[in-house]
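S.K.: Letter by letter, the chains look like this.
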Amino acid sequence: MQVLKPTEVIKMIPDGASIMVGGFLGVGTPACLVDEIINQEKKDLTVMCNDSAFPDRGIGKLIVKKLVKKLIASHIGTNPETQQQMIKKELEVELVPQGTLAERIRAAGVGLGGILTPTGVGTIVEDGKQVVELDGKKYLLELPIHADFALIKAKRSDYLGNLAYSLTARNFNPIMAMAADIVIAEVEEIIPVGAMPPDEVHTPNVLVDYVIVDGRR
Amino acid sequence: MQVLKPTEVIKMIPDGASIMVGGFLGVGTPACLVDEIINQEKKDLTVMCNDSAFPDRGIGKLIVKKLVKKLIASHIGTNPETQQQMIKKELEVELVPQGTLAERIRAAGVGLGGILTPTGVGTIVEDGKQVVELDGKKYLLELPIHADFALIKAKRSDYLGNLAYSLTARNFNPIMAMAADIVIAEVEEIIPVGAMPPDEVHTPNVLVDYVIVDGRR
Amino acid sequence: MDAKTLIAKRIALELKDGYLVNLGIGTPTLVANYTPKNVNIFFESENGIIGMGPIPQEGMENADLINASAGYVTALPGSSCFDSATSFGLIRGGHLDVTVLGGLQVDEKGRLANWMIPGKMIPGMGGAMDLVTGAKRVIVSMTHTAKGKPKIVKECTLPITSIRPVDLIVTEMAVIEPTKSGLVLKEIAPGITIDEVLRNTEAHLIIPENVPIMKIE
Amino acid sequence: MDAKTLIAKRIALELKDGYLVNLGIGTPTLVANYTPKNVNIFFESENGIIGMGPIPQEGMENADLINASAGYVTALPGSSCFDSATSFGLIRGGHLDVTVLGGLQVDEKGRLANWMIPGKMIPGMGGAMDLVTGAKRVIVSMTHTAKGKPKIVKECTLPITSIRPVDLIVTEMAVIEPTKSGLVLKEIAPGITIDEVLRNTEAHLIIPENVPIMKIE
Numbered sequence: 001m002q003v004l005k006p007t008e009v010i011k012m013i014p015d016g017a018s019i020m021v022g023g024f025l026g027v028g029t030p031a032c033l034v035d036e037i038i039n040q041e042k043k044d045l046t047v048m049c050n051d052s053a054f055p056d057r058g059i060g061k062l063i064v065k066k067l068v069k070k071l072i073a074s075h076i077g078t079n080p081e082t083q084q085q086m087i088k089k090e091l092e093v094e095l096v097p098q099g100t101l102a103e104r105i106r107a108a109g110v111g112l113g114g115i116l117t118p119t120g121v122g123t124i125v126e127d128g129k130q131v132v133e134l135d136g137k138k139y140l141l142e143l144p145i146h147a148d149f150a151l152i153k154a155k156r157s158d159y160l161g162n163l164a165y166s167l168t169a170r171n172f173n174p175i176m177a178m179a180a181d182i183v184i185a186e187v188e189e190i191i192p193v194g195a196m197p198p199d200e201v202h203t204p205n206v207l208v209d210y211v212i213v214d215g216r217r
Numbered sequence: 001m002q003v004l005k006p007t008e009v010i011k012m013i014p015d016g017a018s019i020m021v022g023g024f025l026g027v028g029t030p031a032c033l034v035d036e037i038i039n040q041e042k043k044d045l046t047v048m049c050n051d052s053a054f055p056d057r058g059i060g061k062l063i064v065k066k067l068v069k070k071l072i073a074s075h076i077g078t079n080p081e082t083q084q085q086m087i088k089k090e091l092e093v094e095l096v097p098q099g100t101l102a103e104r105i106r107a108a109g110v111g112l113g114g115i116l117t118p119t120g121v122g123t124i125v126e127d128g129k130q131v132v133e134l135d136g137k138k139y140l141l142e143l144p145i146h147a148d149f150a151l152i153k154a155k156r157s158d159y160l161g162n163l164a165y166s167l168t169a170r171n172f173n174p175i176m177a178m179a180a181d182i183v184i185a186e187v188e189e190i191i192p193v194g195a196m197p198p199d200e201v202h203t204p205n206v207l208v209d210y211v212i213v214d215g216r217r
Numbered sequence: 001m002d003a004k005t006l007i008a009k010r011i012a013l014e015l016k017d018g019y020l021v022n023l024g025i026g027t028p029t030l031v032a033n034y035t036p037k038n039v040n041i042f043f044e045s046e047n048g049i050i051g052m053g054p055i056p057q058e059g060m061e062n063a064d065l066i067n068a069s070a071g072y073v074t075a076l077p078g079s080s081c082f083d084s085a086t087s088f089g090l091i092r093g094g095h096l097d098v099t100v101l102g103g104l105q106v107d108e109k110g111r112l113a114n115w116m117i118p119g120k121m122i123p124g125m126g127g128a129m130d131l132v133t134g135a136k137r138v139i140v141s142m143t144h145t146a147k148g149k150p151k152i153v154k155e156c157t158l159p160i161t162s163i164r165p166v167d168l169i170v171t172e173m174a175v176i177e178p179t180k181s182g183l184v185l186k187e188i189a190p191g192i193t194i195d196e197v198l199r200n201t202e203a204h205l206i207i208p209e210n211v212p213i214m215k216i217e
Numbered sequence: 001m002d003a004k005t006l007i008a009k010r011i012a013l014e015l016k017d018g019y020l021v022n023l024g025i026g027t028p029t030l031v032a033n034y035t036p037k038n039v040n041i042f043f044e045s046e047n048g049i050i051g052m053g054p055i056p057q058e059g060m061e062n063a064d065l066i067n068a069s070a071g072y073v074t075a076l077p078g079s080s081c082f083d084s085a086t087s088f089g090l091i092r093g094g095h096l097d098v099t100v101l102g103g104l105q106v107d108e109k110g111r112l113a114n115w116m117i118p119g120k121m122i123p124g125m126g127g128a129m130d131l132v133t134g135a136k137r138v139i140v141s142m143t144h145t146a147k148g149k150p151k152i153v154k155e156c157t158l159p160i161t162s163i164r165p166v167d168l169i170v171t172e173m174a175v176i177e178p179t180k181s182g183l184v185l186k187e188i189a190p191g192i193t194i195d196e197v198l199r200n201t202e203a204h205l206i207i208p209e210n211v212p213i214m215k216i217e
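Taken in order, these protein sequences are the chains called D, A, Z and P.
In terms of my numbering, the first sequence opens at residue 1 and continues consecutively.
In terms of my numbering, the second sequence opens at residue 1 and continues consecutively.
In terms of my numbering, the third sequence opens at residue 1 and continues consecutively.
In terms of my numbering, the fourth sequence opens at residue 1 and continues consecutively.
Each hint can be trusted.
Quick list of in silico lysine to any residue cross-link-like pairs, SDA-like style, CA-CA up to 25 Å:
no., chain 1, residue 1, chain 2, residue 2
1, D, 69, Z, 123
2, A, 129, P, 123
3, Z, 147, Z, 205
4, D, 129, D, 143
5, Z, 215, Z, 168
6, A, 138, P, 168
7, A, 70, P, 122
8, D, 70, Z, 159
9, Z, 136, D, 141
10, Z, 9, Z, 148
11, Z, 9, Z, 37
12, P, 149, P, 121
13, A, 137, P, 136
14, P, 120, A, 93
15, D, 70, D, 87
16, A, 89, P, 119
17, A, 138, P, 179
18, A, 137, P, 155
19, Z, 215, Z, 36
20, A, 155, P, 60
21, P, 16, P, 32
22, A, 89, A, 56
23, A, 65, P, 69
24, A, 88, P, 159
25, P, 154, P, 177
26, D, 138, Z, 168
27, P, 37, P, 215
28, Z, 16, A, 159
Just so you know, these hints were derived from the structure itself, not from any lab.
Extracted from the complex, chain D is given alone in its bound form:
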């Protein structure tokens, strides 16, 4: 793990990259990293995130700035801009049930080829997917979602990169930390190695490549 500045770490992301971004309606989203993506005008991004938050918050800002080519999310209802761009075909949106989104990201992170979920069977989510019947019950075969980069937000890190999250700001962050080639964590503080008890580490250090400290706190 290496501690870098937001400018340095975002420089590594090329236009057209796929990035996972933690957060639920902006809470648990790495705000500094998102702002730096906007500063550096990264284009044609594929973004995986639970939702597109609000026009002025979370990854909603990336949508408003039209930096996103494709969005994979479970909910876009709180950001009118997302639906507008989708209707104008400026933005491709793949809507995924939230539990399925979590399992697909997890599957990529833990090396599974896919999972069978009852969610979405017999709905339009089934379209184009393989249906597997087991013991008379139907399931959709859902495939892993992997990304080039994961941008996650934790409360704190130690100097090895072990992460601890806070309350409902945990959400998608731990599973995204396993499902991308490069993992960048934004934290509020970095504490000494050994100051985080082993039982309270939420994401082990070996998963984290870079840590940036949110200077605004």
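Following the hints, position chains A, Z and P against chain D.
M.R.: Same frame as chain D, now just chains A, Z and P:
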């Protein structure tokens, strides 16, 4: 959640029940609950556990007492009694790769119909299983493992049943707590409600039906 | 009593001691205000918390602690937080006793549509598909009609949320239970006649001999 | 230098700064004693810890802290603990840089057999199948022969652990690398001739023009 004595809680388990038991070579195994099963001579059990530990430790004791009809585990090498009973056909053993065992138990707990894993492809673990090919890579379709009872061991509980585990005694306990009809936790102490920070709860209280305190500590 | 209060009060009667309950965005959240006395309910929010408490006093908000509508909430003593995969594991794995959700339509098979109006409003399904598919009991909280048009219909014209039928529909006019034989009128609201319910319902309703009036204080 | 020490020292040279490494039961654990200076390795044990340290001083053991052989270990500052699903998620998900495992046989395709001898010894695969299938790099640590019989064979007669070929075989006689063209003799031990290696190997070995001697201090 209800706090009971080992005698009371084990009384609920009928002969022939399927029980998951936490632990890795005995560490993280609820020793009091195992001893009480022996006291009450529960018979014809189907036991799911990582391993059969040692003849005098963990679920190894259940094997020695011949209370187990079927064992689903990843490793039986440290308890010679297991292999002997298996060869004499007194005990049915299903050997499952450890990561697959974890995912199958988790799948039952989180409502998945199955998972696709590369582990075991082209080995004897593949026998009788469906092979699914995706993008030229083969996976085994592995099915959920559910039990009537889960007997787990935590370091502490609060009076609502929230659990926290200790170091490598966590192992299979959290996933088993999701995968059984009735969950019984053996703990070393019960602490006041509110004394366990929300971010440090490893198993939420709603999963736990009964708690017993190990009186020997 | 206004329609929303009536619905919330009636649904509150369905919640029993020790239940794990998810309340959907909007009107369903009102149910928490009317839970019976001496009944301990654990409210969860799919963004990752069990033991969610009421809105905090002004000045006591925590930026990391929100409900699924991004509103600030509190964490009661004994609450626990977890990631999105675990959260939906609890939901899809059958650990959630009740979910209360809003509805756009429910049809004679008990199927709910509540996540999009094609060409008009595409907020995405968020957690709804997992909640309806996975909860032990699904209760729909909705007005009986929208702009004078029945919402309880022969067959959903909007995309359904799950093929799994809901367990109870509560409106300001009636309590209706989907059964294998069809929709059964279980109760009517104070001051409403069976004829009025029938006039405002497109679906066929089975009318038992005795249809009691909702018992609301 | 005895065979075990030689093998362990040679394998230790394969470990690089920041690596996450799993050492199998038995001889592989010796590798930890010879890691290069100024190189920070994170040792994990599949029972749920990263940052495992050496055997504790007498009297400083903790009953909850063992390695995968049930031996007491220590937890270094910055260590983290997790459940078995996460542990094997790290292994199968490609987050483990190196696993070092013992072997019964390796064949010309680089396939390892190390988990059972039918009719004789059936310990179970434990974590071996996931480790060989999922680790980025698999290194086999074994004696070149067993009771005078070659262990590097044309085709495994024992049940294989995975179809995934291992990356390196280190014995007290040689370092051999499975490649698409076959097994390549990369290095020979001090005092050993190529002829001796060939006499003790059943599989065909590709012999490059220059076969250096292992650089062991």
